[in-house]
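Colleague: With positions in the sequence shown counted from 1, the corresponding number in our numbering is that position plus 12.
Treat the hints with caution; some may be incorrect.
What the hints assert, rightly or not - Pairwise CB distance ranges, derived in the manner of DEER restraints:
id	residue 1	residue 2	range
1	S256	L42	48 to 58 Å
2	P221	I20	33 to 43 Å
3	V576	L42	37 to 47 Å
4	L42	V249	25 to 35 Å
5	L611	T521	53 to 63 Å
Bear in mind the hints are in silico, worked out from the structure with no lab data behind them.
Note that the coordinates shown come from a computational prediction; the quantities given were computed from them, not determined experimentally.
Ideal Cβ placement from N, Cα and C applies to all residues, glycine included.
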Amino acid sequence: MFALRSRIDRFAGFAQSLRGKVVLSIVAALVIVGSAMPLVVAAVRAQDLRAQMQTVLSTIDLDDRTPEGVALLDRGELTIGGFTYGGPRVMAMVPRMADAEGKLVGVDDLARVLVSPTLPTWAPAGLVQSLGNCVSLIVALLALALGCIWSGLALHLFVIAGLSGIAGGVAVWFGEVPIALAIVGIGALALSFLLVVGVLGVILSGASPIFAIAATVMREAQRQRISVAFIGLLLVVLPILPLSIDPASPLRYQIQTFISRGCGLVFSVASVMTLLLACSTVAFEMRDRQIWQLLTKPVSRAQYMLGKWLGIMAVNTGILLVGATCIVVYVQYLSLRPAADPLDARAVREEVLVARQGRLAEYESLQPERLVEMVDQAIESDPVLKAEIESGERDLYDTRVKLADERITAFGTQQRAIPAGQGKAFTFRDVAVPAGTEQVTLRYEFHLGQDDSHEQHPVIFRFADGSWVDKQFVPVQANVLPIPASLIDANGDLTVEIMSLGFDGTNFTPGEGTIVFDPDGIEILYTVGSFGGNFARAMGVQWTKLAFLAMLGVASATLLSFGVACLLAFTIFVAAQLAPFIQISVDQYRIAEETPVVLQWVQLGVKGIAFTSQWLLGAFGATKPVDALVDGRAIGLSALVQSALFIGIGWTGLALALGWLGFRRKELAIYSGVG
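Taking the hints into account, I'd like the entire structure generated from these sequences.
Modeller: Dropping the structure here:
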């Protein structure tokens, strides 16, 4: 044991020398490049074969019934260089990939499906399908290894890399490539976190009381069991998440599921760890009388709180950076899996891994004068209701409000109802698509009859240029329809007429009932950015929310003991997360008139408390960047700035001010010379 410890110490000393860093860098580079060469060779072969397939597929015309087209259409087979590729899966895909002229669209997606059976079983299919991803992986591993070596983490690098390599190799030997990929990912994430924390530690090494306190908090986070447990949980579970996703499901659902679960896991772990670390680092220093050693120095109480907050946010920055990098890498890997069909592949490119803006249809508003007239008519035409109002049994104001709501709802529903055999035109305003956009997407979700999901109903969409397209829709299921961007006029308006009609190839027939949809049931979507930029802005919004939680925990612990501070901080956090649901409950909550007066006052008090908490904390729960990210919705720069100003600066500053006001009046334990 002593000899092993001596060798480890000698290696650590050698790794700290300039000569040792150079030697270890060369060794690491040779190991990484040498290990990745079989993967690169397989990727080059797959890329060459895919390019040949794309060339042949792009020349096939299914209408001409050429030998290649017949083989592809009837048997799903393609012959390249004397070898035949394909099978039943390809045969099922081909008819859906042909356009009106018999040409194949999405030949790259079809080529990937044809190539996939030829890929080596020992390699991740997503990596072998892309030479660029292989090169990027090598560069990333080299950067990680060199960063660890030159930052003094060489021993950690070789221990973690060695264990990950051995465990991953065993998994590959038994044919469990996804498990091997997860094991390697765990090791890479652990090293990345250590490296990021080391870099942040260097940044916080400045001669400033705030930086000194922050650096101490970072070291404390690495020593505390609870912080290490949460960080370790994240680093282990995040790479394992792809294993829980059904590979047989459509590719777009796989990617959306991973984004949702991955981002949710990162924020949940960071949030809980932030509150626990913030409460403990302040409360325990007060309890153990260690805070006296800081505040007797020229360190103000505001500097103390800011230093604690900065240290916690440095840890959170490391967690978000590492977690976000892992999510992006795995999303890129998952996106190269074979799609279920061409529509699935297009959905991944155009609906998930994008940043889209949406425009809802413009509806006519019910004019106030007309609304007042309709309410008056309803009261006058109902003698019973009129008598109840005159006798005081019903309140006139509440009755008029209820009748007005009913008339507004009915007016809107009537606009969005399309009877069988008829049609209505809807206009989308300000559809400001970027230059070069070829098409936009119409998303529609209709109701009809009993909303039976096992039924299909006809619908026809007609556009301003006279063109039209007939579709079959399933009630209460979202559907999409690509529309040429050229149909948008010079004012940015797009008009679509929706008709409850069917077309049997010769005649138009009335639909099977009245088509109805919600106010957001039809929407025009168009791409305005990339997934990468959208993801970065989403993480920025999450960072601002963590900034508030960190200061909330620090401020709570300056006034209360650890247990009570945690109770207060977690109560506010949960209330903030549930604020949107509380708002719905408050809006729908009604106090029955027959309820006893005492209970009415109690219910009114409960409603007041719920309304106040929702009003104060609603912005926190309403800010949901992950939902927009999963749906491919653009998270604008304005949303990030608003979150930074309102939550990151406003709420955080308010928590700092409230905590400081109580902290400055609090008598701290004075060192007695004992203990």
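Colleague: Take the hints in turn and mark each one as holding or not.
Modeller: Verification of the hints:
no. : hint                    : in the structure
1   : S256 x L42: 48 to 58 Å  : 36 Å, violated
2   : P221 x I20: 33 to 43 Å  : 37 Å, holds
3   : V576 x L42: 37 to 47 Å  : 57 Å, violated
4   : L42 x V249: 25 to 35 Å  : 33 Å, holds
5   : L611 x T521: 53 to 63 Å : 58 Å, holds
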